[in-house]
Amino acid sequence: MLVAATMALHGTASALPMGHYESWMLMLDSTPSMRSLATNYAVAQTWALGAVMRRWEEPAAHGASLSRETMGLSLTHRLHRWNLPHAQANLWLVGDAGRLRRAGGHGQTASDGGYGAVEFMADYETTRVYLGGSVRALRGEDGLRHDVARARTGFSFWEAEYEGIQPWLLIEAKRTRYSAASMQEGTLLTPMLRFIHRRWFIELGVNRDGGMLNLMFNY
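Positions 59 to 277 (my numbering) are the ones given, in order, by the sequence shown.
Treat the hints as calculated values from the structure; they're not laboratory data.
Cβ-Cβ distance ranges computed for the label pairs, FRET-style:
(1) Y220 <-> N265: 29 to 37 angstroms
(2) S94 <-> P225: 23 to 31 angstroms
(3) S169 <-> R257: 34 to 42 angstroms
(4) R203 <-> Y99: 29 to 37 angstroms
(5) H138 <-> T245: 22 to 30 angstroms
(6) R235 <-> R257: 29 to 37 angstroms
(7) A195 <-> E219: 37 to 45 angstroms
Nothing here was measured: the structure is a model prediction, and the numbers come from that model. Beta carbons: idealized from backbone N, C-alpha and C, even for Gly.
Please model the entire structure based on the sequences and the hints provided.
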């Protein structure tokens with residue numbers, strides 16, 4: 059109870075995939091290679107139903123890229139929460155499934171089909187330190203494969219009051235594997251600033267591919 063009260067009074071670093079019971083969450087992620095928009099509603103303390111849209115550029119031969127889009131329904135579940143003496147940790151499972159669209163070009167025709175994705179997420183945080191990671195596997199028709207692994211760590215410059223804004227400095231290591239075994243990115247490192255409030259957060263970062271922006275609103 060002590061850690062729950064403490065973390066309610068101060069901003070925490072985590073971008074949790076769902077809000078409190080009977081709340082809505084809206085999430086927007088934008089990078090040079092991928093954009094996504096997601097929303098969900100917490101139907102219980104540990105369950106949320108929602109929808110998600112994604113668009114990304116997948117590397118192809120000769121330096122070209124293929125555009126893919128997905129639109130589906132999502133289910134989020136908090137598998138477990140550990141309330142530690144001065145910290146909190148969570149384990150999450152997120153799944154979504156729906157329609158997949160591939161744009162034509164570069165010797166391939168446009169196509170539509172189905173897809174499914176599953177993601178495991180874990181986080182550990184105090185009011186000043188954050189550790190987190192996730193692994194997502196997406197599969198679709200025509201042998202589509204899109205796997206993403208992330209690890210994050212960072213710290214807060216200071217603690218904030220309940221209605222205050224708390225700044226964080228984070229670094230993310232990300233690795234992506236696409237359909238073709240040879241088409242694999244190296245590890246992409248992204249330093250970022252996060253400004254978090256009890257109802258929203260914003261992340262701004264930059265890496266060798268360009269800038270990134272993440273937004274979250276909980277209401």
